[in-house]
Amino acid sequence: MKKNKNDRILIGVLLIIFGGYLLITSVLEKKGEVAYVKVDNELMFSVDLKDGTFKPRPNEVVKTLQEMPVVEEDKLLVDGVIQTFLAFNQGIVRYENLYYIMGNLGIVVIEYKDNQIRVKEEISPYNICSRQGFSDKQPIICLPNYVTIEFNAAETDVNI
Amino acid sequence: MKKLLILAMIFGFYTQLNVSIQAEELPTTIKFPEGLHDPKYLYTPVSVSVLEGIKPEDKEAIRTILIEYDHLANNFRGPILNHENPIYHQNNLFSINEQAGLNPVVVDELLYDMIKESLDLYNETEGYFNPALGNVIDAWKEVILSDEYRSLEIPESVFTETMSEVNALKDSIDPDKVVLDETQKSVYISQTGMKLDLGAFAKGHAAKAIEAYLKSQSYEHYLINIGSSTLSLGTLLDDQGNDRDVAIGLIDPLGIYEEGNSGTLYLRNKSISTSGNYLQYALYQGKKYHHIISPFELIPMDYYHSITLVGDDAATLDGLSTALFNMPLDKAKEVLDAFNIAGVFYKIDGEIETYNLSNDMFVLGTKKPVEADVVKQTNTLYFILGGVIIIGGAALTGLTLLEKKKKGQDSHNEEKQE
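Sequence order for the protein chains is L and F.
So the first sequence is residues 96 to 255, counted in the numbering used here.
So the second sequence is residues 17 to 434, counted in the numbering used here.
Since the hints were made in silico from the structure, they are not lab data.
Glycine is no exception: its CB is placed at the ideal position from the N, C-alpha and C atoms.
It cannot be assumed that every hint is accurate.
[Unchecked claim] Covered stretches of chain L (in silico footprint by chain F; criterion: 3 or more residues with CB under 8 Å from a CB of chain F, positions within the stretch not fixed):
#1 104 to 110
#2 231 to 237
[As the list claims (entries may be wrong)] Taking lysine-lysine and the DSS-like style, the derived pairs with C-alpha atoms no more than 30 Å apart in a straight line are:
#3 F:K384 / L:K208
#4 F:K56 / L:K158
#5 L:K232 / F:K384
#6 L:K100 / F:K423
#7 L:K150 / F:K56
#8 F:K75 / L:K150
#9 F:K383 / L:K215
#10 L:K100 / F:K421
#11 F:K304 / L:K170
#12 F:K363 / F:K286
#13 F:K56 / F:K286
#14 L:K145 / F:K384
#15 F:K157 / F:K363
#16 L:K208 / F:K383
#17 F:K56 / L:K170
#18 F:K47 / L:K150
#19 F:K47 / L:K158
#20 F:K286 / F:K349
#21 L:K232 / F:K304
#22 L:K170 / F:K157
#23 L:K150 / F:K71
#24 F:K384 / L:K215
#25 F:K422 / L:K100
#26 L:K215 / F:K303
#27 L:K170 / F:K47
#28 L:K232 / F:K422
#29 L:K145 / L:K215
#30 F:K422 / L:K215
In isolation and in its complexed conformation, chain L is listed as follows:
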């Protein structure tokens, strides 16, 4: 009888440990820490998902705006003036946590918000990557625009 009781305690403790393990693994799902935005398979800039810190690649032209620009397909307008220095895989326009770059088919708008990142707007036949919404783990791939967003890509030396 006494043995039975100890067994029950043991089973109880084991259940608590097992349940705790399930809880912890489901909460601590692996998340990306940095979003790497690539154009034509080449890193253009990165955004730290912890605090939204923006880091462009060396020699990249970055223009920071004080007011939100207007997107018209392959044109970016500020106060009705077309921004000419954006070209495919060249130049970044930044307004707060929005980033405007030129993809293959037109302007791609990338937004950082609450430790996640998404493609907010893009010109493509099916809008697959903007419909994917916010992500911090699954890569966002805009094939028609040659734009991809990957997370924690540092485990390889080079990607081909």
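Since the structure of chain L is already known, use the hints to place chain F on it.
Only chain F this time, still in chain L's reference frame:
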């Protein structure tokens, strides 16, 4: 201090930044084009990393190699006679094509050898690598890479027109019509309307030439990347300063693997070349028309999304990765055996098959669950299940302990009564 320096170098390499640690230290990575408005060589970005450090004279030697291949293999524009760099004054592939059916053209030995090798590879691959497809490729690229149709649907009229244009070229794609003169170093296309194209060969040659230069300077820790399609590697260094493999992530064109890579190659002292259908293509009636054209069907084949080949000679690998794209897998494997080359095939159904690769060289990526939502749902399920099990376990333990205590008190009372 030395150890620190090596660590800093590795760090710089990892982040692919041009870290100049101190003013007198050498950069470990150089990129072409260097700035936004600098020239692009071979129509693609090039990066060369050397952990030993790149001296200014190394950079210029690498630049010269790139300029040579960029100019000599170019079939869209001829010599630029007023260019400050005399390399641009030489006859190039455009000059040869321009004189098709007219005259032999004397060219630089480097171009002569490249054309000779391309004709050898034509014979060795039973025609699957065909350097005389220039006009067919141009006809397709005009549609595939046009602003109107790139990545989009081709209208029926345009498609029919391109098909008839391409079929009319069927009799002017025979590389045997190229006449070489070894003593003169001249190349003559004996048939009018034929055009040589070394687009599938020049990047590999450039990588091979840069590697030969780096080896001549006794560098061992390097990574040459021509347009993310051809790589030549030495070794890299780990945190302890020991030689280690280079980790190469392979693209996942269908986006069905975790972490964005379909797999990772771990290699040292090898060259790699990859071809894919995912960047340059247009659609017609649900079929992808990409930039790699079969020399037999004169249309693109759809056996694979990408092919990655591993071997020792970057030039051969570059040519073969294009040739194998047009072959079914069985035939491709025969060619790999003949050339002693290994390969990773990302097949059209998204499955990956490796050939001649040992297990320690390749780690396959993990496939995503079919729906991303399923992950979230199972996670929530695990969370709830975990909670329920904890409560159950706690209740069981708590009740048993309580019972034990109660029993203990009872027996104590009983003892007292006695």
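Review point. If you draw a straight line from the CA of K150 (chain L) to the CA of K56 (chain F), is it 30 Å or shorter?
Key: holds (24 Å)
Okay, the segment 231 to 237 of chain L and chain F, do three or more residues pass the C-beta test at under 8 Å?
holds (count 3)
query = K56 (chain F) and K158 (chain L): Cα distance at most 30 Å?
reply = holds (24 Å)
- Message: Hinted pair, alpha-carbon criterion (30 Å max): K47 (chain F), K150 (chain L). Please report holds or violated.
- Response: holds (18 Å)
(request) Take a quick look at whether K170 (chain L) and K157 (chain F) sit within 30 Å of each other, Cα to Cα. (result) holds (26 Å)
task = For the pair supplied as a hint, K215 (chain L) and K303 (chain F), confirm whether the alpha-carbon distance does not exceed 30 Å.
result = OK: K215 (chain L) and K303 (chain F) at ~29 Å, within 30 Å.
Practice problem: Starting from K47 (chain F), check that the Cα of K158 (chain L) is at most 30 Å away, please. | Solution: Judged against 30 Å, a Cα distance of about 23 Å means the pair holds.
For the pair supplied as a hint, K100 (chain L) and K421 (chain F), confirm whether the alpha-carbon distance does not exceed 30 Å.
Satisfied, since the Cα-Cα distance of roughly 11 Å is no more than 30 Å.
*Between K304 (chain F) and K170 (chain L), does the CA-CA distance stay at or below 30 Å?*
Holds. K304 (chain F) to K170 (chain L) sits at ~28 Å (cutoff 30 Å).
_For a C-alpha distance cap of 30 Å, please report whether K422 (chain F) and K215 (chain L) respect it._
violated (64 Å)
- Query: Has the given pair, K383 (chain F) with K215 (chain L), been kept, meaning a C-alpha gap of at most 30 Å?
  - Reply: Holds, at about 26 Å.
Q | Proposed proximity, K208 (chain L) with K384 (chain F) (alpha carbon, max 30 Å) | A | Judged against 30 Å, a Cα distance of about 25 Å means the pair holds.
Checked against the numbered hints above, the structure breaks hints 28 and 30 and satisfies the rest.
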